[in-house]
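Protein chains: 2
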Amino acid sequence: MKAKTKNISIVLYKPKYAGNIGAAARAAKNMGIGRIVVIGPYDYDLEEIKQRATHMAADVVEKIQFVEPTPDALSQFSYIVGTTARLGKFRGPFLTPRQAAEAIVNLSQKNKVALLFGPEDTGLANEQLRLCHAVVTIPTAKEFTSLNLGQAVMIMCYEIFVASLPDVPAGEVAPRLALSSELEGMYEHIRQMLLDIGFLNPDNPEHWMLYIRRFFSRSGLLSREVKIIRGICRQLQWYAKHKKT
Amino acid sequence: MKAKTKNISIVLYKPKYAGNIGAAARAAKNMGIGRIVVIGPYDYDLEEIKQRATHMAADVVEKIQFVEPTPDALSQFSYIVGTTARLGKFRGPFLTPRQAAEAIVNLSQKNKVALLFGPEDTGLANEQLRLCHAVVTIPTAKEFTSLNLGQAVMIMCYEIFVASLPDVPAGEVAPRLALSSELEGMYEHIRQMLLDIGFLNPDNPEHWMLYIRRFFSRSGLLSREVKIIRGICRQLQWYAKHKKT
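As given, the protein sequences belong to chains A and B, one line each in that order. The first sequence begins at 16 in my numbering and counts up by one. The second sequence begins at 16 in my numbering and counts up by one.
These are calculated hints, taken from the structure and not from any lab test. Do not take every clue at face value.
Identical copies carry no separate label here, and so any pair may be met within one copy or between two of them.
[Unchecked claim] Think about it this way: if two alpha-carbon atoms lie no more than 20 Å apart in a straight line, the pair counts; the simulated DMTMM-like pairs of lysine to aspartate or glutamate are:
{"no.": "1", "residue 1": "Lys78", "residue 2": "Asp60"}
{"no.": "2", "residue 1": "Lys29", "residue 2": "Glu77"}
{"no.": "3", "residue 1": "Lys19", "residue 2": "Glu158"}
{"no.": "4", "residue 1": "Lys78", "residue 2": "Glu158"}
{"no.": "5", "residue 1": "Lys157", "residue 2": "Asp182"}
{"no.": "6", "residue 1": "Lys31", "residue 2": "Glu240"}
{"no.": "7", "residue 1": "Lys21", "residue 2": "Glu158"}
{"no.": "8", "residue 1": "Lys65", "residue 2": "Asp136"}
{"no.": "9", "residue 1": "Lys242", "residue 2": "Glu199"}
{"no.": "10", "residue 1": "Lys127", "residue 2": "Glu62"}
{"no.": "11", "residue 1": "Lys242", "residue 2": "Glu203"}
{"no.": "12", "residue 1": "Lys78", "residue 2": "Glu63"}
{"no.": "13", "residue 1": "Lys29", "residue 2": "Asp136"}
{"no.": "14", "residue 1": "Lys65", "residue 2": "Glu158"}
The structure presented is a predicted model; accordingly, all values stated were derived computationally and were not measured.
In isolation and in its complexed conformation, chain A is listed as follows (with noise of 0.2 Å):
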């Protein structure tokens, strides 16, 4: 089963477009997630941000709680995690994106947690990165450390729906591959087939098997492709039987 996202919310700190908010709404409704805190003295364009967003956030949209920029704006939330591209001397301990993730999912199973981004020029500020529990810092090529603050918001949202997933998703999207039986099944059906139309030398027909052994395995057969296989090889004898006649 897939852990509660709804105690986490991403606030956004003295946001200077209104597009950025949009494009952050959306990229939080993509993954699940669906408070939205602004906090910031500015008025918005509401127009710019919907469009942004698209109509499939609207309501993550009409549900962003705009907060005035006081000492207590965050005192909602039991667990901050700050995010900063700057990696200063006594800003640490800095979280991996993953790493935070998983700390942020596991906390607000039972706590409210705020994810907290700066303005797009600067970042957060030390003012209020001391009032964060953890700090994340999304890893960069060191010639432009600078994110969009809507994709920095999607990366953190993707990490965190990633990290809210079941532990096995992987499982979940991979189709089975053949099992060790079926594969041995089509490699026999295979070299007698080669053998029928006399592509493998009988005294030796282990010598090009290996290879395509190697080459499927590298592959990693599927089920109903094996079966596919199968069907070809079956199609050949009958063909090579039929020729000779």
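Put chain B on the given structure of chain A with help from the hints.
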């Protein structure tokens, strides 16, 4: 050492909005990927692309390859990974972004790899997905699976960047925790100080010390924090001593 990513290209198939091309270029540059290919018959507003990319990604924008949508538009690549939101019946196997990123980074060490994104409204059609060696689906909430193109590019570029990092990224970011010996020295110091100020019962000092230990172990103390705490203890002891006299 970070794995190289220079053989990886972000390929946008018939994107509709110049702004999204710019956002993709910025995301790519943030994550150390320098090559963008745009396949499409459209005339894009280069100024809009540049604006969204920001001047920091100007070099990526300048090197964008604009290619006609001919059947051999992708012929320069050896491994093509498609992205799709639609989990159609016959389109698997689907990789998670993390699985795809690992495969992309590995294969790109010796091959040119394309990461292919479809148009904003429809995504990749079966015609393009057929050309793909693997297909990746970014996990989303069920209610709203359609990602903004720039956001989708960012998630994949981020996963590729993380996959290209050396195997112990956590260790590089997280500072060194205090050694057990440092912690024990600190606990002994705290115990002595709490005895000095009469907080602990000399007959059973361990009772409260256990709570204190539990609290500190949960927070994962850093070496420098241990030093600070011991500094406070020393100061308290000095104060307690001078107060008595």
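Evaluation of the provided hints:
1. Taking CA atoms no more than 20 Å apart as the test, Lys78 paired with Asp60 passes inside one copy only; the shortest distance there is 15 Å, against 35 Å between copies.
2. Proximity of Lys29 to Glu77 under the C-alpha cut-off of 20 Å is restricted to the intra-copy arrangement: shortest distance 18 Å within a copy versus 33 Å between copies.
3. Taking the shortest alpha-carbon separations for Lys19 and Glu158, only the inter-copy value of 15 Å comes in at or below 20 Å, while the best intra-copy value is 37 Å.
4. In this assembly of identical chains, Lys78 and Glu158 lie within 20 Å of each other by CA distance solely across copies; the values are 17 Å between and 37 Å within a copy.
5. In this assembly of identical chains, the alpha carbons of Lys157 and Asp182 lie at most 20 Å apart only when taken from different copies (18 Å versus 32 Å within one copy).
6. For a Cα distance limit of 20 Å, the shortest separation of Lys31 from Glu240 qualifies neither inside one copy, at 53 Å, nor across copies, at 36 Å.
7. Within a single copy, Lys21 and Glu158 get their C-alpha atoms only as close as 36 Å, which misses the 20 Å cut-off; across copies the closest is 15 Å, which meets it.
8. Within a single copy, Lys65 and Asp136 get their C-alpha atoms only as close as 23 Å, which misses the 20 Å cut-off; across copies the closest is 18 Å, which meets it.
9. With identical chains, the CA atoms of Lys242 and Glu199 are at most 20 Å apart within one copy only, with a shortest distance of 12 Å there and 63 Å across copies.
10. Proximity of Lys127 to Glu62 under the C-alpha cut-off of 20 Å is found in neither arrangement, the shortest distances being 29 Å within a copy and 43 Å between copies.
11. Taking the closest pair of Cα atoms, Lys242 and Glu203 come within 20 Å of each other only inside a single copy of the chain (13 Å); across copies the shortest separation is 69 Å, beyond that limit.
12. When the C-alpha separation of Lys78 and Glu63 is checked against a cutoff of 20 Å, the pair qualifies only within one copy, where the shortest distance is 16 Å, while the shortest distance between copies is 31 Å.
13. In the homo-oligomer, the alpha carbons of Lys29 and Asp136 lie at most 20 Å apart inside one protomer (10 Å), although the nearest pairing across protomers, at 32 Å, exceeds that limit.
14. When the C-alpha separation of Lys65 and Glu158 is checked against a cutoff of 20 Å, the pair qualifies only between copies, where the shortest distance is 17 Å, while the shortest distance within a copy is 33 Å.
Hint violations for this structure: numbers 6 and 10, all remaining hints satisfied.
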